[in-house]
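**Student:** One-letter residues, chain by chain:
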Amino acid sequence: SQQGEEDPQALSIQEGENATMNCSYKTSINNLQWYRQNSGRGLVHLILIRSNEREKHSGRLRVTLDTSKKSSSLLITASRAADTASYFCATDEVTTDSWGKLQFGAGTQVVVTP
Amino acid sequence: DGGITQSPKYLFRKEGQNVTLSCEQNLNHDAMYWYRQDPGQGLRLIYYSQIVNDFQKGDIAEGYSVSREKKESFPLTVTSAQKNPTAFYLCASSILTTGSGNTIYFGEGSWLTVV
Numbered sequence: 287s288q289q290g291e292e293d294p295q296a297l298s299i300q301e302g303e304n305a306t307m308n309c310s311y312k313t314s315i316n317n318l319q320w321y322r323q324n325s326g327r328g329l330v331h332l333i334l335i336r337s338n339e340r341e342k343h344s345g346r347l348r349v350t351l352d353t354s355k356k357s358s359s360l361l362i363t364a365s366r367a368a369d370t371a372s373y374f375c376a377t378d379e380v381t382t383d384s385w386g387k388l389q390f391g392a393g394t395q396v397v398v399t400p
Numbered sequence: 022d023g024g025i026t027q028s029p030k031y032l033f034r035k036e037g038q039n040v041t042l043s044c045e046q047n048l049n050h051d052a053m054y055w056y057r058q059d060p061g062q063g064l065r066l067i068y069y070s071q072i073v074n075d076f077q078k079g080d081i082a083e084g085y086s087v088s089r090e091k092k093e094s095f096p097l098t099v100t101s102a103q104k105n106p107t108a109f110y111l112c113a114s115s116i117l118t119t120g121s122g123n124t125i126y127f128g129e130g131s132w133l134t135v136v
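Chains as they are written, first to last, in our numbering: chain D, 287 to 400; chain L, 22 to 136.
Only chain L is shown next, with the shape it has when bound in the complex:
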């Protein structure tokens, strides 16, 4: 089945540790995104990538890093510099179109908790 796979679903991080969330898509989409969602709130864009080996900061990139070495993969690392990382993280992808409307497809999300 085509779609976006995020892993792990639940992750616990100790203070001072870096953790990496995996995101893989088999939709052949050019663009990939990482969003953060806090309880009862909307989505905030962390990073996005339009093409392999290129990515841009979103609205809340501090304390996060990404890579885009393959079209289908866009892992997110939550570094120790991120002071409040406990949240629900959503990976997404879309076809790149200009102005005519992108539909974004989401993975099932990963819960990250600092212990």
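For reference, chain D alone in the conformation it holds in the complex:
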């Protein structure tokens, strides 16, 4: 079953603008990760935020986590055409045999036009 749900499903912006997408989940988690997928390719890990962290930065990426609302956001600043891709959140649920098996959301498709 899919744990995370991304919002919006699709996003179209111009180069230089910021892109924000959100992820909501249902159960307690150890951590939340964001991945990127170019069309027809595998997924690439972007950033991981642990349940005891509230914000994390990596280059032009900013991730927030609100465990009370069971939600996360990914912000891409100063977007470029090369940022065009689908972005997925993945949650590492707290379970009795927790060892990092991830549940992925349906993704947000981002198109950045020059």
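Read the hints as simulated data drawn from the structure, not as lab findings.
Backbone N, C-alpha and C define an ideal beta-carbon position, used for all residues, glycine too.
Not one of these hints is a red herring.
To give an idea of the chain L side of the interface with chain D (calculated C-beta under 7 Å), a few residues:
| # | residue |
| --- | --- |
| 1 | Leu64 |
| 2 | Phe127 |
| 3 | Glu129 |
Taking lysine-lysine and the DSSO-like style, the derived pairs with C-alpha atoms no more than 30 Å apart in a straight line are:
| # | chain 1 | residue 1 | chain 2 | residue 2 |
| --- | --- | --- | --- | --- |
| 4 | D | Lys387 | L | Lys78 |
| 5 | D | Lys387 | L | Lys92 |
| 6 | D | Lys312 | L | Lys78 |
| 7 | D | Lys387 | L | Lys91 |
| 8 | D | Lys355 | D | Lys312 |
Following the hints, complete the assembly by docking chain L onto the known chain D.
**Tutor:** Relative to chain D, chain L alone:
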């Protein structure tokens, strides 16, 4: 280069046939996974393995089978019992850690089409 190699990239299957997708990793990772992705949708876990000669069903294991005879290899067989196999299949691997966060590394995927 270290990574995960999936083959073939494109595969066509006739009704009633079994097909096997190959996945090899040279990252020395303990855990390996198979996911299915349908157009415009997220990933669904088919099978996963934490150690050689052991594997567990994921969320949509029906109609699929796997083996883990070697640490670096985790082939997926799509059997004729899988009624709707047309999809994009992704193999992945990770180091096994407990609770501190696994980063999963993905192969480039295999497209399977039923003809």
